[in-house]
Structure formats: structure tokens, C-alpha cells
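Sequence lines, in order, name chains X and D. Just so you know, we're using numbering that gives the first Met the number 0 here: the first sequence kicks off at 0 and counts up by one. Just so you know, we're using numbering that gives the first Met the number 0 here: the second sequence kicks off at 0 and counts up by one.
In short, the hints are calculated from the structure, not lab data. Hints are not guaranteed to be accurate.
What the hints assert, rightly or not - Using 30 Å as the maximum straight-line C-alpha spacing, the simulated DSSO-like pairs for lysine-lysine come out as follows:
1) X:K213 to X:K178
2) X:K92 to X:K342
3) X:K178 to X:K282
4) D:K430 to D:K329
5) X:K167 to X:K213
6) D:K138 to D:K81
7) D:K120 to X:K11
8) X:K11 to D:K352
9) X:K11 to D:K405
10) X:K213 to D:K120
11) D:K532 to D:K141
12) D:K141 to D:K428
13) X:K213 to X:K11
14) X:K72 to D:K120
15) D:K155 to D:K141
As the list claims (entries may be wrong) - Taking beta-carbon pairs under 7 Å as the criterion, some of the chain X residues facing chain D (in silico):
16) H9
17) L14
18) G37
19) R129
20) I131
21) S259
22) V261
23) L263
Claimed, not checked - Here are the computed distance ranges between Cβ atoms for each label pair:
24) X:E121 to D:Y178: 52 to 58 Å
25) X:R184 to D:P220: 55 to 61 Å
26) X:L7 to D:K141: 34 to 40 Å
27) D:P351 to X:V93: 42 to 48 Å
28) X:L7 to D:E418: 47 to 53 Å
Built from N, CA and C at the ideal position, the CB exists for glycine as well.
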Amino acid sequence: MSVKETELPHFKQPLLRTPFHNRARELSQHDSFVAWAGYTTVDVFTTPEQEYFAVRNATGVFDLTPMVKYRIKGPAAGRYLNHLVTRDVAKLKVNRVMYTVWCNDNGHILDDGTLFRLGEDEYWLCSAERQIDWLLDAAIGYDVTVEEVTEQVAALAVQGPTSCWILKQLGLAGIEQLKPFDIGRFAVEGVEVMASRTGFTGDLGYEIWMPPDKAEFIWDRLMEAGRLRGIRAIGSQALNAVRIEAGFLMPHYDFVSAESTVRLGRDRSPLELGLDWLVDFKKGHFNGRRALVAEQARGVARRLVGLDVAGNKPAHSALLYTEESGRQEIGFVTSALWSPTCKRNIALAIVNAPHFALGSKVWAEIYLNRELVWERRMVQAEVVEKPFFAPERRRVTPPADR
Amino acid sequence: MSGANGATKSYDVIVVGAGHNGLVAACYMQRAGLNVLVLERNDYIGGAAVSRSLYPEFTYSNCSYVCSLLRPEIMRQLELPKHGLQIIPYEGGCTMMQDGNHLALYDNHDALRREISRHSKRDAEAYDRYSRDVMRQCKFIKPLLLREPPDPTSFKWRDINELLYIGKRFHNMGEERMYDTVRFWTMSAADFLDEYFESEIVKAHFAGSSIIGTALGPRSPGTAYVLLHHYMGDIDDTVGAWGFARGGMGAVSNALGSSFKASGGTIREAASVSKFLVRNERVVGVALDSGEELYASTVMSNMDVKRTFLETMDAGDLPSEFLDQVRKFKIRGSSGKLNIALDGLPEWTAIPKGSPCTRGDMHITDTLDMMERAYDDWKAGRWSQRPYVDMLIPSQIDPTMAPPGKHYMSVFVQYCPYELADGPWTPEKRKAFGDTVIDAIARQSPNFKSLILHAEIRTPWDIEREVGLTEGNIFQGELTMDQLLFNRPIPGYAQYRAPVRGLYMCGSSTHPGGGVMGAPGHNAAQAVLRDLKKVA
Ligand SMILES: Cc1cc2nc3c(=O)[nH]c(=O)nc-3n(C[C@H](O)[C@H](O)[C@H](O)COP(=O)(O)OP(=O)(O)OC[C@H]3O[C@@H](n4cnc5c(N)ncnc54)[C@H](O)[C@@H]3O)c2cc1C
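Okay, chain X solo, but in the shape it has when bound:
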């Protein structure tokens, strides 16, 4: 029975189900589903801790089908994308992936995502937000077609130290040759899949792209292949923990798309988010370039940084101050985590100039709920390097088996 047949009309069941939904439901012990980009997805299967350690110790499997995907095709596709995004797309070779952001004319981020070059004139843009109207408007004057293909592709992230070994067991012969950001094409018992050495965990890992009607087949084979090497399905809570360790940004948490801000000053530029390395001023004109050149000359007013926070209580939503007295507010935490791997209390935060400099000391106001009694703590935090966790294995080719 196909998943589609069990679906009710959108006005009764607004969220879509991914092709892995039935499998996910079988494994989810809490029935804890959350809405993500129009789909219902698992938040926690068993416990966030177990799922977190699957990624850092063995292999976690995450259903990333809801990630919005656009197919961009045509003789001008490369030039179009180069106009759109901040990095130099001309440098992206066929079968390679790049992480990038794209901005409006004011140099404010519309979204971040990954760009896949699948052929000479064919790309995929994977993003968090739906934005076909923007992408089509930006395509005026270019010989390209832009098409949303989210529902045409099913995808699994297979991440962790044993992921390469498991994928070899699955039959992805030669997967160990993929370097970070490489794309390869494989077959599992005759079913063609695409694999990229990409992920949102900062660890060794791959993303497997397949036709939706083969999704359950691949899932079953993959789980069987990984049985002896600790494979387990993970939900979005565990993923959020590993991405904070990796210093990756989460839209809606660490920044809001300039497409959806209502208040002034809520938009963020790539320079403010510490993504200077993604902005290629030398490649020629691109959307937002003028504004970014000016901002760079002027210096950013605030910046997203990593914090090492004293104590072991995550500084969720904490306001930041210059002094313990809390007189001068200078920023706020956007993501926070006690990192079980680094054994550090870490956070991502937006901090005003000049306090975002490496080594700056700030104070975080943390509220703790202790058996329904709220307590307030002022704890010191230091601006530190990101990522917090960057194991060598994420880069080594061929990777070790475990």
C-alpha cells in the first residue's frame, strides 16, 4: 500500500508524510512528531541522548526529505546561480556540492543551503524555505528553468563514524572514494541512488537521494546493513544537538529569512552571521554585493559567535550583558547545548560590536526551572572559536570503518 492512499485531503491533514513515514511511525516510541517544512517528521524516536550518541559513536539515520529542493536547469544555470548566491559557482565542478547563502539586494540573507552540480547545466538547490517566487523573479533574463522537486526525491542522511562501512555493506561499492562534498551514483540491488558526502552533523557522513517509490526498500536494506554497527533512526532533537556542536546555523533559530521579517533590524547579513568565507567579492556582481561591500568597509554592528558558557546549564534564550550587574545588554543566545562529546556548555549567540571579538567575556542571564521554582543565574561566557567539534574523520578519505 502506498503512503499516498492513506492520506486525507489537505484541509483535514495539512502536513505531508514523507515516503519513510510508515517506517518512522513503527520506530517512534513516543509518537512525537513535529511539523517541518510542511511535513510531519519525528522529533524523538527513543531518547535524544541515545540518538545523539548514535551519530557521534555509530550511525544515525535522519529523514531529510522535507528539505526543499529546486532543480535549476538550462544553458544559463551556472550564470544565474552565480548571480543569486554569494559564493563563486563557476568553481563548482560537476558532481560536487557547495554550502552557500543567498541575499536580497540589501545584502540580507534570504536562506542558506547546499548547491549540487549534477551535470554541465543542471543543479539542485536545497534550502530551508520555500521561495519559488523569489527564484523565478531572480531568473528574469536567464535561459533557465527553476522547478521545485521536493516531493520527487526522498532523502536520508546517514551520519557517524560507522556510516561508510554500513553504506559499503548496503552495496554502495566505491563510496569510500568520495571526498567531502563529492557526489556519486550507486545501485542497491538494481535500484539507482545518488550519494553525496554531505551532512548537517560535522561528522563523517553521507546523504542518500532516491526515488520516493524506492524509499521503503532502501530504508529496510540500510537498517539491515547497519544492524551490527549500531545504526538507529534519529529525530530532529538529536540532529539539533550535533549541528550546534558543528557550529551550523538553523534557520528560524539562529536567523530569520529577510523574506519574512516584519520588524526593522531583524534581517541578517552573511557577515553578521560570521559567514564571511562564503562571500566572494572577487567573482563579479551578485545579489547584495554592493550592500555587503559597504557593510564590510563599515564593519558589522553585531556578529553570530560561539560561546563557552560556565556551568553546565544550557543558556537557552539567555540575554547577554557586559557586566554581572546586567546593566548593559549586548546580545542574546540563539542556540544552546551542553555538549556531551566536548564536555562543554556551548552556545551560539548574536553579540554586538565590539564584544564579539574572540576571547571577549560576557555575562549570560540563565533561568532555571527547579521543580517549578524559577532561579536566575548570571554566568560568565567567553567568545570562542567554532566549530566546537570537528573530528578529523569528517575529512579523511577513504574513511575508517568505525
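Put chain D with the ligand on the given structure of chain X with help from the hints.
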């Protein structure tokens, strides 16, 4: 305490008209320690915010029918919930199409995106940008609603300060949005919607609120603002949400009346004012149709400007240029209303079974052209042959409006002229107008006609006669840029004060305009209190 006959008592303020704005103003002034008398021509209060029972066991919201604009500050300060007011949001809405398809609006964002995608994937995503831009403009305008508009030509400290306040807010929007504002206030709804959407049905659906109550078509410049005017309200902080007042829109006026009386105020119904009494350029009271005279040094008119100055005052008491501008004030009637008692729920051929969209506002105009054609009829002096309707069945949500299983349906109709090209309105023509509307609805619902138990049909002419709104204009004057902010109602007289000392205006003719909002009443009361030094 004022006696029931009230007449022998002296009052600090007389408010003429117990429309919701008159009542809001009366409440604030009474609470500030003034002794206030409200005089209402009809034998019920509320003006265009009224609930009446014209068919056994049914209650109609005879004029206004949905609530969003009523300022939450007013509800709270005047303790309207304590006096029985409850606003219940309704969900969604739809436009039924001539080809049997439809566009539904769902509260759930994902359902809405998938619904719009059925018509255009691009529009589904453009919708978020559209909502964002509308929200940005609302954020700018909203704080201006409960403030007296500054006179830009004045050098008074207060005016300059207010101008600075607006200027600062405007500047705080950021450059791009400032440009947008200027465009927004002057564009046509069609041009505005074209900037976001490609699908005709999506544009037609959203254009609806740009023509409601307005003698303009979706392609007329200025209608983009009218659209915005309908987004300015909120329910429990959900901006742009609309709902029902439990018990019909009369519940708003009744709660105001109750709050007013609880603070010691007096209302006299069936007391029609024939004249504002003026001595030595100063108002001294009013004369009633009965000949009775009542005196107060402050008098406030809840009537629209035309009725106030052209019909209830001697021309000799007013400056000529002012009078001339009052004469030219645009207050063209363009809307009709049907209130229908139904024996059951209509079936809609275009709507899939189980869709909740019929619990919201329903429409049957599926292209901008069709809407513009409806306007063309109005220009030619006839009611629209294919009218735009804003129809709701509140009894699906509010159990107080109809017996179980039966339903009250409110049908707002655009366009219907005040004056017909072929001579005055007659009962036959009124019926023909009603039939045109009923036939149009019946095209989408095979069982609709057979369910009708009773219908109240109201043309602009009826609305003028019954509610006192000149030409039946629902906003007491059109909401176009030339008649907004410091130009509303008359340039130089936007601060609620008439050219005669002691006389004030508080109806929807004043800033920020029409709708059941209460803001004009609130602002007018503040003007009086400032003048009488009742507030700092
Ligand atoms: C058919 C229709 C539908 C509408 N739909 C909506 C809606 O759904 N939502 C919304 O927000 N707005 C709606 N409106 C607009 C809104 O109802 C009005 O803008 C608003 O109610 C006007 O209130 P007001 O107090 O300014 O004036 P009014 O309500 O016009 O009050 C004026 C009062 O003065 C009285 N009066 C007149 N002459 C005299 C006299 N000589 N002596 C004593 N008293 C006198 C009248 O009887 C009346 O009570 C609608 C209006 C109409 C007509």
C-alpha cells in the same frame, strides 16, 4: 443620578447618536467625570453595529456583521467583556469559481500553502511575502489609530510633536518600506496584487476587501489602502483576524451602552435631534424633533459630516468654505445587505465535503474583471448584475443567532447604488435587487433558495433611512487618501473640533475612519477632555 426622564437634568455633554463611536466617546467622557447624555433617533442603540430580531427566533447583525477593527485598548479600558462582549474568531474563507473549482483560505499555514498551490505553486509561496508586506504596513499604521492626527500646517507644540512621532515611526520602517507605504496608499488593489500573484482566482479573492464599502473598483487607484484598512485589526493579537461578536454586532453597542450606564451615563432612545443650537458662535445645546430643547456647553455629533453640518445646522452658523468642502466630501453609497434566515445549511457544489472553509467568509467573484464589471454597473446607476458578495453563516459558530439546525446568513453586497438611473427605489426594485443576489448565490448552491425562510433586503437608500448614514456609505465617507488622516473629514478640521466652539465630531467620518473600530469615538473624547482640561 440622572432620572429616567433625563430632560430636566443639566448635562456637561450631549452626544447626538448612539452609534458605537458615540457610545465609546460617551463612556470615556462619563468616566472622566463629565455628566453625559446620549440622544438616539432610533428606538434602539448601535447605529450600524446592531442586532435585531426580524423573524421569530433569529437574530440578525443587520448592518456590520464581522468584527476585527474594534481596538483592544477600548474593550479593555471600558470593561466591555464584563458587560457581555465576546469576540470569537472565525476560520478561513473561500471563493467559489464559475467552473466548479474553488480557492479556500485555511488558518493552518501548510493547508493554505497546499491549497493555493492547486492554483499556482508560485502564488502559494508569494503569499508569505504578501502577508509580510501587509503586516509591515499595519505595524506602521496601527499606533496612529488612537491618536489625533496632527495638522501639518500648524506650529502648535502638540502638532509638531505628533508629526515628529509619525515621522519617527515612518523612518523606523526603513527606506524600502517607506517607499512601499507611499505606493500602498495610492495604488489600485489590482496593481498591488499583481506585484505578488499570477493566478486570477488568488487575486480576486484578496481584492475583495479592497472594494468593500467603497465606490471604487479593484482597478481604481486608492483601493490598495482600503484592503489594508481591513487588515488593521486583530483578535487576541492575531493581526488581520476577523470574528463574530457573540450575539451579533449589536453586542458591541449593547456592551458599550451597559458600560456607559454603569458609570452613570444616560441614554435616550427615540430622541431625534433636529438642530444644534448655536449662540454667539458657540454651541449651547440641541433641539429635538418634538420641539424639546436640551442644553449643554459641549455637544458631540456621532452623525456623518454631511448630516451634521448640512442637515442639522443653520448654514449661517458655519464658514462658507468649510460648508462647501462638506458638500464635496465623498460619501457615495455602494453597498447593500441581505440578512437571511435559513431552514438548514446550504450545500455548495464547488466546495469539497468536510472542508471547514464555509465557516468563514464566502465569495462567488472569481476574477478581477468580474469584479470590475460589477463596478461598471454601479457607475451606470444600476445594481451589479453579477454582484460581489461577502457572505457568512455566523450561526455555525455563534449558537445565539438561530435555532438548532437552522442558520442565519449575512450577505454583504457590492455594488448597489444609492440613486438608480431609472428613478427612485421602490419596493419592487428592492425585491429585484434581492433576487439578483439570491440568484447569484443559488448558482453555487442548488438547495439555497428552498432553505430561505425570511430575508431582509437593504439598499443604500434603506441604510440611509434606517441608520442615518448619508447615501448609505458604510464608512461615513470614503477611505481614500484625500479623505484620510489630517484630511479626514475636512482639511484643517481633522482634530474632532467643528468650526463652532463646543461642537465636536466623533463619527466614522473622522480619523481613522469607518468600521466598528471605536477609534474616532475614543479620539474625540480625548479632544474634549483636553479642551476641558480633564486630562493632563
Ligand atoms: C451594511 C453595513 C455593513 C457593514 N459591515 C461591517 C463589518 O462587517 N465590520 C465592520 O467593522 N464595519 C462594518 N460596517 C461599517 C461600520 O458598521 C460603520 O462604519 C460603523 O458602525 C459606524 O459607526 P459610527 O458610530 O461612526 O456611526 P453610526 O453607526 O452611523 O452611528 C450614528 C448614529 O447616529 C444616529 N442618528 C443619526 N441621526 C440622528 C439624529 N438626527 N438624532 C439622533 N441620532 C441620530 C443613528 O441612528 C446612529 O445610531 C458596515 C456598515 C454597513 C452599513
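We went through each hint and held it up to the structure:
The hinted pair formed by K213 of chain X and K178 of chain X meets the criterion: a straight-line CA distance of about 26 Å does not exceed 30 Å. Restraint check for K92 of chain X and K342 of chain X: the C-alpha separation of about 39 Å exceeds 30 Å, so the hint is violated. Between K178 of chain X and K282 of chain X the CA atoms are separated by roughly 25 Å; this keeps the pair inside 30 Å, and the hint holds. The suggested pairing of K430 of chain D with K329 of chain D holds, with an alpha-carbon distance near 28 Å, which does not exceed 30 Å.
Annotation: proposed proximity of K167 of chain X to K213 of chain X holds, straight-line Cα distance about 19 Å (limit 30 Å). With a C-alpha separation of about 29 Å, the suggested pairing of K138 of chain D with K81 of chain D holds against the 30 Å cut-off. Among the hinted pairs, K120 of chain D with K11 of chain X is consistent with the structure: their alpha-carbon atoms are about 20 Å apart, no more than 30 Å. Proposed proximity of K11 of chain X and K352 of chain D is supported: the alpha carbons are some 11 Å apart, at most 30 Å.
The hinted pair formed by K11 of chain X and K405 of chain D meets the criterion: a straight-line CA distance of about 25 Å does not exceed 30 Å. As the CA atoms of K213 of chain X and K120 of chain D are separated by approximately 26 Å, the hinted pair is consistent with the 30 Å bound. Annotation: proposed proximity of K532 of chain D to K141 of chain D holds, straight-line Cα distance about 27 Å (limit 30 Å). Taking the CA atoms of K141 of chain D and K428 of chain D, the gap is near 41 Å; set against the 30 Å cutoff, the hint is violated.
The hinted pair formed by K213 of chain X and K11 of chain X meets the criterion: a straight-line CA distance of about 27 Å does not exceed 30 Å. Of the pairs offered as hints, the one joining K72 of chain X and K120 of chain D holds, with about 18 Å between alpha carbons and a cut-off of 30 Å not exceeded. Straight-line distance between C-alpha atoms of K155 of chain D and K141 of chain D comes to about 24 Å, which keeps the hinted pair within the 30 Å bound. Look at H9 of chain X: its Cβ gets to within about 4 Å of chain D, closer than 7 Å, so that hint holds up.
A least Cβ separation of about 6 Å between L14 of chain X and chain D falls short of the 7 Å threshold, and the interface hint therefore holds. Residue-level restraint check for G37 of chain X holds (minimum Cβ-Cβ distance to chain D is 5 Å; threshold 7 Å). At a threshold of 7 Å, the smallest CB-CB gap from R129 of chain X to chain D is about 5 Å, leaving the interface hint in force. Evaluation of the I131 of chain X hint against chain D yields a held restraint, the C-beta minimum of about 5 Å falling below 7 Å.
Hint status for S259 of chain X: holds, given a least beta-carbon distance of 6 Å to chain D, under 7 Å. For V261 of chain X, the interface hint holds, since its Cβ comes within 7 Å of a Cβ in chain D; the closest pair sits about 5 Å apart. The interface hint given for L263 of chain X holds, since its Cβ lies 5 Å from the closest Cβ of chain D, which is under the 7 Å cut-off. For the pair E121 of chain X and Y178 of chain D, the supplied restraint of 52 to 58 Å is violated, since their beta-carbon distance comes to about 38 Å.
Remark: the range hint 55 to 61 Å for R184 of chain X to P220 of chain D is upheld by a beta-carbon distance near 57 Å. As the Cβ distance of L7 of chain X to K141 of chain D is approximately 38 Å, the hint placing it in 34 to 40 Å holds. Between P351 of chain D and V93 of chain X the Cβ separation comes to about 46 Å, which falls inside the hinted range of 42 to 48 Å. Evaluation of the 47 to 53 Å hint for L7 of chain X and E418 of chain D yields a pass: the beta carbon distance comes to about 52 Å.
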